[in-house]
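Residue numbers (our numbering), protein chains in the order written: chain A, 1 to 307; chain B, 308 to 614; chain C, 615 to 921; chain D, 922 to 1228.
Source of the hints: derived by calculation from the structure; they are not laboratory data. Hints should not be assumed to be uniformly reliable.
Here are the simulated DMTMM-like cross-link-like pairs (lysine to aspartate or glutamate), alpha carbons at most 25 Å apart as the crow flies [what the hints assert, rightly or not]: (1) Lys-625(C) / Glu-443(B); (2) Lys-628(C) / Asp-512(B); (3) Lys-625(C) / Asp-347(B); (4) Lys-814(C) / Asp-778(C); (5) Lys-932(D) / Asp-163(A); (6) Lys-932(D) / Asp-215(A); (7) Lys-1121(D) / Asp-819(C); (8) Lys-814(C) / Asp-1084(D); (9) Lys-321(B) / Asp-819(C); (10) Lys-11(A) / Asp-1126(D); (11) Lys-11(A) / Asp-1084(D); (12) Lys-321(B) / Glu-758(C); (13) Lys-932(D) / Asp-40(A); (14) Lys-507(B) / Asp-147(A); (15) Lys-137(A) / Asp-109(A); (16) Lys-932(D) / Asp-174(A); (17) Lys-932(D) / Glu-219(A); (18) Lys-148(A) / Asp-1126(D); (19) Lys-625(C) / Glu-451(B); (20) Lys-932(D) / Asp-147(A); (21) Lys-935(D) / Glu-37(A); (22) Lys-161(A) / Glu-37(A); (23) Lys-321(B) / Asp-778(C); (24) Lys-932(D) / Asp-164(A); (25) Lys-504(B) / Asp-215(A); (26) Lys-1069(D) / Asp-788(C); (27) Lys-932(D) / Asp-205(A); (28) Lys-318(B) / Glu-894(C).
Per the computed footprint, the stretches of chain A lying under chain B, defined by three or more beta-carbons under 8 Å from a beta-carbon of chain B, are [to be verified]: (29) 64-76; (30) 222-233; (31) 255-266; (32) 275-286.
Backbone N, C-alpha and C define an ideal beta-carbon position, used for all residues, glycine too.
Okay, here's what each chain looks like letter by letter:
Protein chains: 4
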Amino acid sequence: MELQRPIRHVKIAKDMSVSQLVDSFSGCAFGAGRLSEAVDIYREMITDSECTKFFGLAGAMVPAGMRQIVSDLIRDKDIDILVTTGANLVHDIIESLGLHHYKGTDAVDDIQLKHNAVNRIYDVFLPEQHFSEFEEKLQSIFKEIPDKLSITQLLSHIGAKLDDDDSILKSAYDMQVPVYCPAIQDSVIGLQAWLYKQTKPLNVDVFDDMRNLIDRCYEAKRAGVMIVGGGVPKNFILQSMLVTPRSFDYAIQLTMDRPETGGLSGATLDEARSWGKVGENARCVTVYSDATITLPIIVAAAKVTRE
Amino acid sequence: MELQRPIRHVKIAKDMSVSQLVDSFSGCAFGAGRLSEAVDIYREMITDSECTKFFGLAGAMVPAGMRQIVSDLIRDKDIDILVTTGANLVHDIIESLGLHHYKGTDAVDDIQLKHNAVNRIYDVFLPEQHFSEFEEKLQSIFKEIPDKLSITQLLSHIGAKLDDDDSILKSAYDMQVPVYCPAIQDSVIGLQAWLYKQTKPLNVDVFDDMRNLIDRCYEAKRAGVMIVGGGVPKNFILQSMLVTPRSFDYAIQLTMDRPETGGLSGATLDEARSWGKVGENARCVTVYSDATITLPIIVAAAKVTRE
Amino acid sequence: MELQRPIRHVKIAKDMSVSQLVDSFSGCAFGAGRLSEAVDIYREMITDSECTKFFGLAGAMVPAGMRQIVSDLIRDKDIDILVTTGANLVHDIIESLGLHHYKGTDAVDDIQLKHNAVNRIYDVFLPEQHFSEFEEKLQSIFKEIPDKLSITQLLSHIGAKLDDDDSILKSAYDMQVPVYCPAIQDSVIGLQAWLYKQTKPLNVDVFDDMRNLIDRCYEAKRAGVMIVGGGVPKNFILQSMLVTPRSFDYAIQLTMDRPETGGLSGATLDEARSWGKVGENARCVTVYSDATITLPIIVAAAKVTRE
Amino acid sequence: MELQRPIRHVKIAKDMSVSQLVDSFSGCAFGAGRLSEAVDIYREMITDSECTKFFGLAGAMVPAGMRQIVSDLIRDKDIDILVTTGANLVHDIIESLGLHHYKGTDAVDDIQLKHNAVNRIYDVFLPEQHFSEFEEKLQSIFKEIPDKLSITQLLSHIGAKLDDDDSILKSAYDMQVPVYCPAIQDSVIGLQAWLYKQTKPLNVDVFDDMRNLIDRCYEAKRAGVMIVGGGVPKNFILQSMLVTPRSFDYAIQLTMDRPETGGLSGATLDEARSWGKVGENARCVTVYSDATITLPIIVAAAKVTRE
C-alpha cells in the first residue's frame, strides 16, 4: 500500500492557461485527476510518431459546437482513422452548406416546436427546412457516384463535394483520413439513400470496410484511441483490434455513461483488457464528465506539446 | 394548476403479484409513477389489435439474462418488428449452441481474466472458447446462404439454422418477425463475415432493409414502440417513422442515460415530438431505472391483461 | 476463475408474484442480479433475531408515496433505528394532518407554479397553504415540550401528537423506535424552531443523540442496514459503527448516485470496508436503480419470508 | 420560436487561457454552453458589490484537492457565507496539521486496505493514523472553548487554532466569514464531541445558527449562491431565503446528480423558483459535470474579471 503521492491542492492563478490548469490537476483525485491523466496519455499518444491514432465520435458533438475541434485534429494529423455516427456526419454536411444549428433551450413545448417546424436536440434547435437543402445536396452527389462502393468510399465522395474546409468530411477527404460509419443507414444520409434507391441502383456493402480497418490495426506499430461518447464507434474500433495479435497501447474514454448497466458505452477500459482489445500494459483512463467540456480541454492542453 | 390526484402511498401485501405492486404505484411519483405509467401504456399498446409493435433492444440484455423475455414476446406476438444490436444477436447465437454465459463480478483483475481466456461484460463472464464454436457455426451457415442478401435476410437465415426455441433469432424466424440490425458489422457476426469474405463472395447491402421497415411504418394503422436502452435501435425505429406522414402513438423508453449530454440515447420522448417521430397526442413515458429490472416488471404486469 | 453459475434467463409467468419474479432474477446479471442479491440479504437480515436493523432514509421518499412502506416496516419490527432527513419528516407530518401531496409533472412553468402558490418536488405538487397548517401544528407542539431535549426526543414528542397510524413519526413513537435526524435544522421543522425561539426558550443539543446511537452499535450482536438514497443518514449510521469494535454484517444500498464523483452518497459499500464500517465478511450489495421502484420490490419479496 | 443565436464551433488555439476557452464555449450547447453561462453568471455575481455571496460545499471536495480554491475564494472576499459538510471540515483540519491525503485508486482490495489501516475515499487514500492526531488536536481545542456555543462559533474556535493559511476554517476565521455546518455531528468532529461529552459539559444548540443566517438573507440587497454538489448545504442555503420576502438573484449548481430521482441534490434550480427560493428573474444554471473539473474552471475564468 504505497502512500507516495500526496494530494496537491489546485491553486488558481490569474490568466492561467488551460494547460497550466490541467497540469495543476495532476495532484488531484476524482474527475480532475482523471482529466489530468487523460491529457498526459493524449500528449504521449499524439507525439508518438509510430502510433496509429483512432478517434471514435458518438453523441451529438457536431450540433453542440465541437465540429471544428474534430476537423482541426484531422488537419493537424492527430486523427488517422475516424469512426463516427451518421448523425454527426449529417450535421457536419448541414453546416458545410452554410446552414446553422441554433442555441435553444430544453425547457420548451415540443409540440409548439413541431408546429414551427423546428427540430430539437436537447438545447439545440434546427429548422426542418435545412433538411430540404440537405436532400438536394445529397441527391446531387449520389447521382455522380459509382453504383457500387463501400461506406468509407461513399463518405469520401460526399466529403470531396463539400466546399467548407471546417467540415469533418471535407477535412478527412483532404487529408485522406478514412471515415467509418457502421450504422450509416441509421441517419438522414440513410433516408436519402433509401429515397435514391427507389429509382436508381446503389449498392453499398455492409462488410467491405472491415478489411481496411482491420489491416490498419495489423499494421500499427502502436495504436491509440480517443473515444468520445461510446456507442457503435467505440465497439467498432475496439473489436477491429480484437482479431489481430495486437491491442491498443493508449486509450481515453470521455463519457457520462456508467458501467453498472452493463452496456458497452459505459464499460470501463479495464473490461476491454479482459478481451485483449486494450493491452495489459496500455495506459488508459475514463473521464466521467460532459465530453463537450472535457474534449476541448484535453485538445487545448495537449496542443502545447504538439506544436 | 390542477391538484386532483393525491399521492397514494404504496402498501405492501403478502404474496403480492407484480401486477398488483405496479398498480399500487399508480398513485406514486418519481420512478414508481413512471413505471406504473409505462405498464399502463404497454397494456394498451399490446392489446391494440391495429397497432404495429416495434421493439428496440440495445445494451447487453442477452448476457444479463433477458433473452427469454424477448423470445417469448416474439412468440406471443407482442413484437412485430425487432431492431437490435449485433452484440445481442451474437450472445443469442452462443446460447443457442448450448454455451453459457456465467455470473461473475465486476471487482476482478481483468488481466488475470485475459490470462484465463475469459471475457468480461460487467459482472458476466464468457469463456473465449465459446467464440470458436460460434465461428464454426457461423461459417457453416454462411456457406449455404445466397451471395447477395439484406441484413434481415442474413439474420433470418441464421435464425433458421438455430436449434433452440428460446433463441431470439429462431423465434423471429419461426414467427416471421423481421430482425433489423443496422450496425451488424459492429459485432462478432461482422468479424465472421470479414473472415468469410476473404475467400468467398458475400454482398449485404447497407440500405436494402430500409424499404421494408419504412413500408411497415407507412402501413401501420397505429404504431407503438418499446425502447430498451437507446442506441442505434432507438434512432433507427424513430427515423423510419419520420419519413411517413404518421408518427408513433405509444412509446416507452427504459434507460439510465440522461438527457443533459445531448446524445440520442438519453433524449426524452418529448424531444422526439418536435421531430414528428412521436405524435402530438401519443402516450409516452421514459423510466429512468435499470432495464434488467424494469423490462421484466413491465412484461409481467402486462401479461395479466394480455391473456 | 470459476465459471460455475450459468446465467439463467428470466421467464415471465402469468400472475407472477413479486417474490417469484425476484427469485427468477437470481440467475441474472447487472441490476436484476443485484436486486435479487439485495432481497436475499434483506431476507436473512430481517429474520436474524440477533440483528439490530438500521434504516437510512434520504431523498424525497415520502412525497413520492413510500411513506406507508416505512411506517409498516416500523410496526412490523423490521426497523429498530431510523435515520432520516428533515424533509421526509416534514412531509410525513403534513400527510398526518390529512393534507395531501399531488401528482404533477416536471414539464411545467415553475414561475406559474409560484404564482399559484404551488411548490414542486420533481413531479409532485404541494400547495404552499399546507405549510400554514403545518406551522400551526408544530407551534402548538413546541409549546408543550421541555425547554431542553435531544433531537430524537423532539421527534418523539412530535410523533406522540400525530393522530395517524400511517405516520412514520407516530409509528416510531408507538413502537419506541428512535428517529435520528442530524440535520433537522435543514428543514421546515428547523424553520419553525427558529420562529419559536424568537420568543421562547428551546435548547436542542447537536451531539446529545450520539451516545444512544453509538450504544446501540456497541450492543448489537449483529447489525444490518438498509440505506435508501445516501446523504447524511448513510454516513451517520456507518460512522456510528466506526467507533465500536464491531461492523455491519449486512448492508444494502439503493441509489442512483455513482461512485466516480467521490461523494459519500455514491460510494460503494466495499469502500466502507476499508474504514471498518462494513465488516470484511459482511454481505452487502448496492442496487443502482430508482429506489421508489426497488424499495417496494425488496420489501414485497422479503415479506414472504418474514411472516 | 427565435433562431437568432447560431451555434459557433469551438476553435482551439495554442496556449489558450481558461478564460478564452470558456468564452469560446458561449456559442456551444450541452455542457459546454452551460459552463459558459455559469462563468457569465459567476462573473456578474462576484463583481456585484451589493450581492451577498453564499457558497454551498458538499461532496469530498477537500480530499480531492479543491481546498485551496475555497480558502482563496474566502480570502479574496468572493465568499461571504460558507455552508458545508462535516467531512470537508474534518479533511481541512487534517491537512492543516500537515497531514496529507494520498492519490490511490478505486481498483483496490478494500479488505487489504483495512488490514493496512488505510481508509479510502474513491481514489484517495488516508492513513487511519491521521485520525489520532486529529483527535489530539480537537480534544485540546474543545478544552478551551465555552461550554455553550453555536455550531458556527464552535467552528470559528477551531479555525482560530489552526496554523495554516490555506485552511478553509482558518481563512474563514481570519476573514470573519461564518461557516455553517448543519449536520456537524455527522462527521469525525461529531465523534470527537461525543467523546468529549462523556466527561465534560458541551452544549451546542441545533437551531442557534439559523437566526444569523436568515438575518443575512433578509439584509442582502442582492444574493447569489454557488452550489457545489447538493446535499444539506444546498437546501440549508435555499430554505433560509425562503422565509424572507427576498429570493436568490444568481444561482449556479455544479453536480452529477440528476433530477429524475426526485431528491433535492439533483433538483433543477427552476424547481427552486416554484418555492420562491430562486427569484423569477434570477439568472441560474446547472452544470451537469464533475465539480472537481468545473469549479476550478469557473473560478479561473472568473478571476480575469475580478482583479
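Are there at least three residues in the region 64-76 of chain A whose beta carbon sits under 8 Å from a beta carbon of chain B? violated (count 1)
Taken at face value, is the distance from the CA of Asp-819(C) to the CA of Lys-321(B) at most 25 Å? 42 Å, violated
25 Å limit on alpha-carbon distance, applied to hinted pair Lys-814(C) and Asp-1084(D): The given pair, whose Cα atoms are some 40 Å apart, is violated under the 25 Å limit.
State whether the coverage of the region 222-233 of chain A by chain B holds or is violated, taking the criterion as 3 or more residues with Cβ-Cβ distances under 8 Å. Holds, because 3 residues of the region 222-233 of chain A bring their Cβ atoms closer than 8 Å to Cβ atoms of chain B.
Holds or violated: are the alpha carbons of Lys-161(A) and Glu-37(A) at most 25 Å from each other? Cα-Cα ~39 Å, so violated.
Please work out if Lys-932(D) and Asp-163(A) have their alpha carbons no farther apart than 25 Å. Holds, at about 19 Å.
Please work out if Lys-507(B) and Asp-147(A) have their alpha carbons no farther apart than 25 Å. 21 Å, holds
Would the hint linking Lys-932(D) and Asp-147(A) be met if the CA-CA limit is 25 Å? 38 Å, violated
With the threshold set at 25 Å, check whether the alpha-carbon distance from Lys-148(A) to Asp-1126(D) stays at or below it. 80 Å, violated
State whether the coverage of the region 275-286 of chain A by chain B holds or is violated, taking the criterion as 3 or more residues with Cβ-Cβ distances under 8 Å. holds (count 3)
Restraint status (C-alpha distance of Lys-1069(D) to Asp-788(C) at most 25 Å): 33 Å, violated
Is it true that the CA of Lys-932(D) sits at most 25 Å from the CA of Asp-164(A)? Between Lys-932(D) and Asp-164(A) the Cα gap is close to 15 Å, so the pair holds against 25 Å.
The structure fails hints 1, 2, 4, 6, 8, 9, 10, 12, 15, 17, 18, 19, 20, 22, 26, 27, 28 and 29 (numbered hints given earlier, in ascending order).
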